[in-house]
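**Student:** My numbering numbers the first residue of the sequence shown as 1 and each following residue consecutively.
What the hints contain is simulated information worked out from the structure, not anything from laboratory work. There could be a bad hint or two in this list.
[As the list claims (entries may be wrong)] Taking lysine-lysine and the DSBU-like style, the derived pairs with C-alpha atoms no more than 30 Å apart in a straight line are:
#1 Lys320 x Lys14
#2 Lys255 x Lys14
#3 Lys255 x Lys320
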Amino acid sequence: MDMERIAQPIQLRKVEVRNRIWMSPMAQYSATSDGCLSEWHSLHYGARAVGGVGMVMVESTAIGPDDRCTLRDPGIWTGAQVDSHRTVTDIIRRAGAVPAIQLQAAGRKSSHRLPWERRGQNSPVAVEEGGWTPLAPSAIPFGNLTVPRALTRAEIAMTVDRFAQAAVNAHEAGYDVVEVHAAHGYLLHQFLSPLANQRVDEYGGSLQNRLRFPLAVARAVRSALPADKPVFIRISTNDWTGGGFDLAQAVEFAKCLRELDIDLLDVTSGGLLVDAPPPPRPALNVEPADRIRQDVGILVAPVGQIGDPNVLEEAISRTKVDAVFLGRPLLRDPYLALRFLPGDPHDLWPTQYHRALVNPR
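Given the sequences, and given the hints that come with them, work out the whole structure.
**Tutor:** Next up, the structure:
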């Protein structure tokens, strides 16, 4: 894949994506009080679709009320929420991009404040203020957040069912791609990492046991969607501290996901521990993604610190990754994809903007 090929379409089952630069899911904390997408989401995602990305992945969306991170997270468990998502998918599709959604269960990283309130994401919301007790593999808190309660086997099974129903709802809302979030320290990643999972039952201990719940979710989501719609999984390859989930384990996870007919892995790292952030290294997840691509034979799209065109070109030219997700760079510039894609700007930019492509005298 080179910079010319990044502009080429990619076929994922029956979904064609116009290019290989995609918008990564990024929380906006702007849902209504009942978990519906708001006017802000229509404006925000519509601008990025007009801005030329091939796929717009709508932010991490909770599968149930206690699976949210904050009280302003969007959900997809009610009919009203589904209707609000349908408004946004229509906007994204009309602008030429593929609408996608990331499904989420926050686990021990739930019931915290908005990033711009008090101590932000490290500040818990008490039950009397509308918060809730988080559920996790083990009673190990994330930083200063509320100590979670360990999920029972019955609750694990119910969570699998909620993911499946959320996938059905996402299909009804008009999404062409569904991604399951199993990274960044959220519930499924917590089960994968021995640093957060200290269970002594069939869901803890060995890698086979720690994979059991995330694989059950992947299987359920794949089964819940029509066969012509692709399923992605966001995975982590590094907890950035000793004794955690690592690339070798991620490769084994990827092999299992390939057997379940998962279409693509969205490759990232970090987020499990407050004091173990990813290093500030350009394109840090590109080479792990390439390793998975070559070892497993599954499609991959890395994300993280690849917003500079020179970094992107170098990373792409020496790997076999199939696409890239851009996150924060698209918050800074909705039209970044149009600036990155090779070719005549008059063939790329909306005709309404062509007069801006000529320098005025």
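**Student:** Could you run down the list of hints and mark each one as holding or not?
**Tutor:** Hints versus structure:
Pair hint lysine 320 plus lysine 14 holds up; C-alpha atoms about 22 Å apart against a cutoff of 30 Å. Using a Cα cut-off of 30 Å, the hinted pair lysine 255 and lysine 14 holds, with the two alpha carbons roughly 23 Å apart. Between the alpha carbons of lysine 255 and lysine 320 the distance comes to roughly 17 Å, so the proposed pair stays at or under 30 Å and holds.
The structure fails none of the hints (numbered hints given earlier).
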